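Peer 1: The residues making up each chain are set out below.
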Amino acid sequence: MTSNFRAFPIVALLTILSLPLVVMYGFTILDSVTDTEPGSLVPTEFTVHHWRFLWDDTTGRGSVWTATLNTFIFAGSTAAIVCATSLTSAYALSRLNFPARRFFLAGVIILHAFPTITLIIAIFLILQFLGLFDTLIGVIMVKAALELPFGIWVMKGFYDTVPWEIEMAGVQDGASRFIVWHKLVLPQVQPGLSALLIFSFLSGWSEFILPLVLAPGSDAQVLSTYLAYFLLDDSLEVDFNLFKSVGLFYALPVILIYLIFQKKLMNIYGGGSKG
Amino acid sequence: MQLRLKNFTKTFDGLTVIDNLDLTVESGEMMALLGPSGCGKSTTLFTICGIHRMNGGTLHFGERDVSDLPSQKRNVGVVFQNYALYPHMNIRENIAFPLRVQKLDTATINRKVGEIAELVHIPELLGRRPAQLSGGQQQRVALARALVRQPDVLLLDEPLANLDAKLRLEMRSEIRRIQLETGITAILVTHDQVEAMSMCDRIALMKDGKIVQLSAPDQMYNDPVDTFVAGFLGNPPISYLDANVADGQFQTGGGGIAISDALKPKVSGQIQLGIRPEYFGPQFGSGLQGKISFVETQGREDLYNVTLSNGAVLRSIQPSGRRLKLGETVDWGVDADHALAFTTDGARI
Chain A
28 MTSNFRAFPI VALLTILSLP LVVMYGFTIL DSVTDTEPGS LVPTEFTVHH WRFLWDDTTG
88 RGSVWTATLN TFIFAGSTAA IVCATSLTSA YALSRLNFPA RRFFLAGVII LHAFPTITLI
148 IAIFLILQFL GLFDTLIGVI MVKAALELPF GIWVMKGFYD TVPWEIEMAG VQDGASRFIV
208 WHKLVLPQVQ PGLSALLIFS FLSGWSEFIL PLVLAPGSDA QVLSTYLAYF LLDDSLEVDF
268 NLFKSVGLFY ALPVILIYLI FQKKLMNIYG GGSKG
Chain B
494 MQLRLKNFTK TFDGLTVIDN LDLTVESGEM MALLGPSGCG KSTTLFTICG IHRMNGGTLH
554 FGERDVSDLP SQKRNVGVVF QNYALYPHMN IRENIAFPLR VQKLDTATIN RKVGEIAELV
614 HIPELLGRRP AQLSGGQQQR VALARALVRQ PDVLLLDEPL ANLDAKLRLE MRSEIRRIQL
674 ETGITAILVT HDQVEAMSMC DRIALMKDGK IVQLSAPDQM YNDPVDTFVA GFLGNPPISY
734 LDANVADGQF QTGGGGIAIS DALKPKVSGQ IQLGIRPEYF GPQFGSGLQG KISFVETQGR
794 EDLYNVTLSN GAVLRSIQPS GRRLKLGETV DWGVDADHAL AFTTDGARI
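The listed protein sequences correspond, in order, to chains A and B.
At position 47 of the first sequence the residue is numbered 74 (our numbering), and the sequence of numbers has no breaks.
At position 152 of the second sequence the residue is numbered 645 (our numbering), and the sequence of numbers has no breaks.
Misleading hints may appear alongside valid ones.
To be verified - Dumping the calculated EDC-like pairs for lysine to aspartate or glutamate here, alpha-carbon to alpha-carbon at most 20 Å:
no., chain 1, residue 1, chain 2, residue 2
1, A, Lys210, B, Glu586
2, B, Lys499, B, Glu519
3, B, Lys700, B, Glu674
4, B, Lys566, A, Glu72
5, B, Lys759, B, Glu771
6, B, Lys757, B, Glu794
7, B, Lys759, B, Asp711
8, B, Lys566, A, Asp83
9, B, Lys784, B, Asp830
10, B, Lys499, B, Asp645
11, B, Lys700, B, Asp512
12, A, Lys210, B, Asp598
Hints in this document: simulated from the structure, not taken from any laboratory.
What you are looking at is a predicted structure, and each value in this text was computed from that prediction instead of being measured.
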């Protein structure tokens, strides 16, 4: 009996369980390029009409390309800030003996567990006070701050797996602490860093509540709020096929990233890997 | 280069681990810091290389006072127990790292790496990664990396602990050869008396943060200052007997043992007698009766435990082939000149 054959019951079970998802994905893709009679499942004609949002302003809220650019800026800068800060602060928490280290460690955990939505009013007020309400920078800062505890905690886990002796050996070899960190420790946590980079980018890409509440205007809108407008705005006639196309457009980068980087993303759950 | 540690004191969280320790390692000498775990030998090593700070005392390399210098400026080479090779670099880059930090030019680096690889016999491994090497090879790389920038002192922290028995034997002589060839002053930290005795010029035997005895291996073996030292060196270990001095003999369970001329004027009353396994057996006549309570065949030799009538156990190591059985009664003698006498609280008489 081959191992493939033995795995057959599991494969069958998983197929049944994931079938609804596959069907949904299938129809999302299908409906975005076809028209279907009401009440029927079988499409009747091929059309690119539902993708008109790519060249027309269908919502009156500006081009989808501006929103896409905004989303890239939003997710990219969030990921950059999160990674840069986590990389350094996690090293400090893992290795350096500074005052109130335990307090900071506990603080990171508590912040990690804190539900974002409970903070939204306070954040709204602060942003308004700072004059950053309805700006991309404001949302970026908030999103990065809320992502940080997770990032720091993950990176600390990776730093903790690097043996002390490697750093001691580096110091004995005459390297400064900074060179030791940069040349000897950083390469060991690199898998964690790439995973965190992708993760925080995806998290920024899919963020909805923060841009919706903190940047409701059309200048700073991202794809998630752009997409939501098709449902939220009563003045627009609801066109579900259009909505599906925009959704597909929005999900495409995420699917691509997952396909390309799935191995690296698994690292983050492994808690680190060696060399 | 001579290394001098004076009045060295180290405390961790108020607990004094090492109190007023003095240690001088002569130039070109290989010194072993030997002792049971927790005796402070690794702490001493890490203080010498600058990872731990001293709470008191001074450290000199030759005439240079390095007590307050950071590790980077001390010029010490360290080989760690787990070798601490950099996993993301190949062997050449590992060995070159200390030189690259000094910003030497590539030609010099390549020449020096080549030389040191030659010395530790790994020139064919330079292109590999640490994970692709065996334990012994990693050990050689770690040595090469520690030696490549010609440190004043080489420190070895339990370098053989992670190797299997055969490799350990090989690396023992290899490390000694490399140390002798480079003429570097070296300190070896170990809890294995065989390593210390076979590799080093002198041994500092430590206990509870103090040096109990510091002397050459054979001297420490034959002339220990107390029962702790005598018991730490030697495998199979020395055995002790409670004895009484009477009628010009050590009186103990199962018979009497002659007193050597050297000891005669010094001993009286109740003492402890230390007898190493190689000095107890039929070749030394007779006088001690007992029963064989344990036999261990070691190939070349057999090890016997002999239980005397008062319950004390003496070990004896004999050339194999005698084929004595468990429970057999024997009447063996002790080499009086090599019996070690201690007071009842362990000090050497």
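Peer 1: Sort out whether aspartate 598 (chain B) lies within 20 Å of lysine 210 (chain A), counting only the CA atoms.
Peer 2: Judged against 20 Å, a Cα distance of about 18 Å means the pair holds.
Peer 1: Is it true that the CA of lysine 784 (chain B) sits at most 20 Å from the CA of aspartate 830 (chain B)?
Peer 2: Outside the cut-off at roughly 24 Å; violated.
Peer 1: Straight-line Cα separation of lysine 759 (chain B) and glutamate 771 (chain B) no greater than 20 Å?
Peer 2: 24 Å, violated
Peer 1: Does the structure keep lysine 700 (chain B) and aspartate 512 (chain B) at a Cα separation of 20 Å or less?
Peer 2: 11 Å, holds
Peer 1: Within 20 Å, alpha carbon to alpha carbon, are lysine 566 (chain B) and glutamate 72 (chain A)?
Peer 2: Cα-Cα ~78 Å, so violated.
Peer 1: Taken at face value, is the distance from the CA of aspartate 83 (chain A) to the CA of lysine 566 (chain B) at most 20 Å?
Peer 2: With a Cα-Cα distance of about 67 Å, the restraint between lysine 566 (chain B) and aspartate 83 (chain A) is violated, given a limit of 20 Å.
Peer 1: With the threshold set at 20 Å, check whether the alpha-carbon distance from lysine 499 (chain B) to aspartate 645 (chain B) stays at or below it.
Peer 2: Roughly 18 Å separates the two Cα atoms, so the pair holds.
Peer 1: Between the alpha carbons of lysine 759 (chain B) and aspartate 711 (chain B), is the straight-line distance 20 Å or under?
Peer 2: Roughly 24 Å between the alpha carbons, so the hint for lysine 759 (chain B) and aspartate 711 (chain B) is violated.
Peer 1: Lysine 499 (chain B) and glutamate 519 (chain B): Cα distance at most 20 Å?
Peer 2: At roughly 14 Å apart (the allowed maximum being 20 Å), glutamate 519 (chain B) and lysine 499 (chain B) satisfy the hint.
Peer 1: Do the alpha carbons of lysine 210 (chain A) and glutamate 586 (chain B) lie within 20 Å of each other, as the hint requires?
Peer 2: With a Cα-Cα distance of about 11 Å, the restraint between lysine 210 (chain A) and glutamate 586 (chain B) holds, given a limit of 20 Å.
Peer 1: Would you mind confirming whether the straight-line C-alpha gap from lysine 700 (chain B) to glutamate 674 (chain B) stays at or under 20 Å?
Peer 2: 32 Å, violated
Peer 1: CA of lysine 757 (chain B) to CA of glutamate 794 (chain B), is that 20 Å or under?
Peer 2: Roughly 33 Å between the alpha carbons, so the hint for lysine 757 (chain B) and glutamate 794 (chain B) is violated.
In the structure shown, a violation is registered for the earlier hints numbered 3, 4, 5, 6, 7, 8, 9, in ascending order.
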